[in-house]
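A.B. asks: My request is simple: use the sequences and hints to build the entire structure.
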Amino acid sequence: MAGSARRRRWWLLLERHRRRLREVGVRVFGAAMVVGPMFLMAMAAPSGGSALARSVEYALSSAPSSGCAVGAGNDPGARYGGVRIPAADRVPVVSADHPSLTAARHRALRVAAGRDGASSASCSARFVWPLADPRVISGFDPPERPWLVGHRGVDLAAESGDELVAPADGVVSFTGKVGGKDVVSIRHGFLTSTFEPAVSGLDHGAVLRQGERFALVDGVSDHCGETCVHWGVKRADGGYVDPAAQTRHRRLFLKRAP
Numbered sequence: 001m002a003g004s005a006r007r008r009r010w011w012l013l014l015e016r017h018r019r020r021l022r023e024v025g026v027r028v029f030g031a032a033m034v035v036g037p038m039f040l041m042a043m044a045a046p047s048g049g050s051a052l053a054r055s056v057e058y059a060l061s062s063a064p065s066s067g068c069a070v071g072a073g074n075d076p077g078a079r080y081g082g083v084r085i086p087a088a089d090r091v092p093v094v095s096a097d098h099p100s101l102t103a104a105r106h107r108a109l110r111v112a113a114g115r116d117g118a119s120s121a122s123c124s125a126r127f128v129w130p131l132a133d134p135r136v137i138s139g140f141d142p143p144e145r146p147w148l149v150g151h152r153g154v155d156l157a158a159e160s161g162d163e164l165v166a167p168a169d170g171v172v173s174f175t176g177k178v179g180g181k182d183v184v185s186i187r188h189g190f191l192t193s194t195f196e197p198a199v200s201g202l203d204h205g206a207v208l209r210q211g212e213r214f215a216l217v218d219g220v221s222d223h224c225g226e227t228c229v230h231w232g233v234k235r236a237d238g239g240y241v242d243p244a245a246q247t248r249h250r251r252l253f254l255k256r257a258p
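Residue numbers for the sequence shown follow the numbering used here, so the first one is 1 and each next one is one higher.
Treat the hints with care, as some may be off.
[Claimed, not checked] Pair by pair, the computed Cβ-Cβ distance ranges are: (1) Glu15 x His223: 25 to 33 Å; (2) Arg16 x Gly211: 31 to 39 Å; (3) Asp169 x Ser138: 24 to 32 Å; (4) Ala206 x Val178: 13 to 21 Å; (5) Leu14 x Gly205: 32 to 40 Å; (6) Arg235 x His204: 19 to 27 Å; (7) Val220 x Arg18: 32 to 40 Å; (8) Gly225 x Gly176: 17 to 25 Å; (9) Arg16 x Phe190: 18 to 26 Å; (10) Glu15 x Arg135: 30 to 38 Å; (11) Pro142 x Gly225: 17 to 25 Å.
It is worth saying that the hints were derived from the structure and are not from the lab. All residues carry an ideal CB built from backbone N, CA and C; glycine is no exception.
C.D. replies: As structure tokens, this is what we get:
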């Protein structure tokens, strides 16, 4: 028995390190996808290359991780921060005001920088808040081990009858009771959102669009009672992620080249 317990501990430790390595790899890949095009654009400038290179500055985000390369989101949940594709905390951004750029390049950079309305739809977080007026009263606090006690989601202030909207496109994967509690789940690809207490008249497999109403805060819950709704987001591998982090936008500020 002791040997089995030791093997289990070593296996869990190995899985934890593998997960961290995967997360680091995704962050590096995300940063490369943002930095690469900016670097190539700077090198391709026909004149003033050195000045353009000097205009490449590191923009610090207002949140710990990023979903948008440049510009700023206007979602009301932006104050909580968030991630669409994990990226590095520092992202090089090319100034859109450099005089040596051609009109086409200048236009492209303005769009990338969020100075034209065309970019506002694409520069967005992965999720939107499920309530019209979100207020987190209990944050995400995952346990160090899957079998330990923790808070695997966030609690949002809510009253019975409040409407819930889909945080992202998905399909209804469950509606009903779990252990006597009223629960509704939506599958978004490799992530699944679960809400409690919640009731819905939709059938299993119903297709939802982001922002579409799918349920009401109502029913039985030994977690929230009548003062909140619990929102958990689970990965396909069984791990949990912070729902609030999925709603965040990164805001990057571009500075004029000296």
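A.B. asks: Take the hints in turn and mark each one as holding or not.
C.D. replies: Here is what the structure says about each hint:
no. : hint                        : in the structure
1   : Glu15 x His223: 25 to 33 Å  : holds, 28 Å
2   : Arg16 x Gly211: 31 to 39 Å  : holds, 36 Å
3   : Asp169 x Ser138: 24 to 32 Å : holds, 27 Å
4   : Ala206 x Val178: 13 to 21 Å : holds, 19 Å
5   : Leu14 x Gly205: 32 to 40 Å  : holds, 37 Å
6   : Arg235 x His204: 19 to 27 Å : holds, 21 Å
7   : Val220 x Arg18: 32 to 40 Å  : holds, 39 Å
8   : Gly225 x Gly176: 17 to 25 Å : holds, 19 Å
9   : Arg16 x Phe190: 18 to 26 Å  : holds, 19 Å
10  : Glu15 x Arg135: 30 to 38 Å  : holds, 35 Å
11  : Pro142 x Gly225: 17 to 25 Å : holds, 22 Å
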